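So the sequences go chain by chain: A and Z.
Just so we're aligned, residue 1 is where the first sequence starts under my numbering, counting upward by one.
Just so we're aligned, residue 1 is where the second sequence starts under my numbering, counting upward by one.
Please note that a few of the clues may not be correct.
[What the hints assert, rightly or not] Per label pair, the in silico range of CB-to-CB distance:
1. Z/Pro197 with A/Ala211: 55 to 65 Å
2. Z/Val193 with A/Ser122: 42 to 52 Å
3. A/Met1 with Z/Phe107: 54 to 64 Å
4. Z/Thr201 with A/Leu214: 53 to 63 Å
5. A/Gln76 with Z/Gly156: 29 to 39 Å
6. Z/Pro159 with A/Met1: 15 to 25 Å
Since the hints were made in silico from the structure, they are not lab data.
Predicted, not measured: the structure shown is a model, and the values here were computed from it.
Using N, Cα and C, we set each Cβ at its ideal position, and we do this for glycine too.
Each chain, letter by letter, is given below.
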Amino acid sequence: MIALPSNTGTTSTFTIITQISGSTVDSISTLIWSSTTVGTLGLPTTSSDAVKPTSSVAYTSTTYTFELYPPHAIEQNAVIYITFPSTITLPTSTTCIQISNIGSSLSCSISGSLMTISNGYSSSSQSFTGSEALKFTATSITNPRSLQPTDAFLFEIKSSGGNDIYQVNNPTLTVASAATFGSVTITQALGTNGVTTSYTWAFTTTSKLVAGDLFKITPPSTISISSPT
Amino acid sequence: MTPTTSTSFASAQVAALTSTVNAESTYFFSFKLTTILPIGSYVRITLPSAISYQSTSGTDILSTVSVSSTLNTPTVDKTGLSSSSYFDLTGMVTGTSQYRTRDATFFIQVAKLLNPPNIATTSSFTVALYDSSNNLYESTSTGLTVTATAGALSEGTSPTMSATSTSVLDSVDFSFSLQTQTALTTGSAASIVVTFPSEFTLTTGT
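Same shape as in the complex, but just chain A (with noise of 0.2 Å):
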């Protein structure tokens, strides 16, 4: 059995020679082999599993579980990247915990949309099967504002030289609940039964705020809006 190289690197050579009766006849040297191409990581049964924050509230910041299945092994000192996607807020530093298959010391850092883990193979390389998670979790990562899914995570592994190793572009989050108003305080200018007055809102949000964004309100059904102003 024959396994491919641990990255897409290109290999040293290869020594290839003919012989007759043990002594070498024919003999070539120079060959080496640049076609590995990178692995796919897989996802859980349920890949939106693959992102997991503790607290599904819009604009939360929360820490994340991460959970992928590397088919083969990952050789000594690979480096993990996450690119998140826009809608989603990364801290300037964060803390990383392993959970499985990942050493205890990584330690994550951010720059920009990208988390780096290392350290989370320095002392060996790591073996899979293709159904072992490589799981482990990140702190103060702020859920998207909205409940709209995000674009792709993208996660790559490469070797400490950059070759790549495995990757997938696939997972999206979707948060399950809006975030709530900090507090809500509602003022009317008469409060006299039946009469058309003007009602004075003040908001707190929890959430950021962008041009665009719009703020609906329903009244109760015992009050009529007719033409706002």
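The hints should help you fit chain Z onto chain A, whose structure is shown.
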């Protein structure tokens, strides 16, 4: 009293012009005798088993001969080549002259020899001086070996190497397409040895 031990040559060397395995090459022999050559004496050069004479060639195998000036230019008798892998240099001392030349030197160039089939050092050539009654006067085989150099395996039909999958660490069947320079004999004596780079993992099995 009959001597029981023949004399060794003062010096003898052999070299091939082309060293590649299985290539047809010219061989150079130089040797220096220590005894005096009697009338009718001849020098017999015996090839190691790994070297053969290209008997299909039409030209004389002795294309150049240089010997000590007191000797006649020898002629070659190659009748022994087909059966016993030797050829004789004859006619150096003829007529009424009796013995010629102590320390006679020979430099001969033998074409149409086929190099060894592999890079194993050959067994020895033997160079020997006999008189006309086939008595051995002196002989040597010391240092008279040659070692061929490997031929080139070259890349064959593209792709030179291919695998049933290319994905990292997948277990694959690997294929090579190579062109040999030298024909391999049939049978178990011939083999191909592939040493994979350390990046590959080979385990026993098929």
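Results of checking the hints against the structure:
For proline 197 of chain Z paired with alanine 211 of chain A, a C-beta distance near 57 Å keeps the hint of 55 to 65 Å intact. Taking the beta carbon of each, valine 193 of chain Z and serine 122 of chain A are about 37 Å apart, not inside 42 to 52 Å as hinted. Separated by about 58 Å at the C-beta atoms, methionine 1 of chain A and phenylalanine 107 of chain Z satisfy the suggested range of 54 to 64 Å. With their beta carbons about 59 Å apart, threonine 201 of chain Z and leucine 214 of chain A fall inside the hinted range of 53 to 63 Å.
A hinted range of 29 to 39 Å holds for the C-beta pair glutamine 76 of chain A and glycine 156 of chain Z, which are about 36 Å apart. The hint said 15 to 25 Å for the Cβ distance between proline 159 of chain Z and methionine 1 of chain A, and at roughly 21 Å that hint holds.
Taken one by one, the earlier hints fail for this structure only at number 2.
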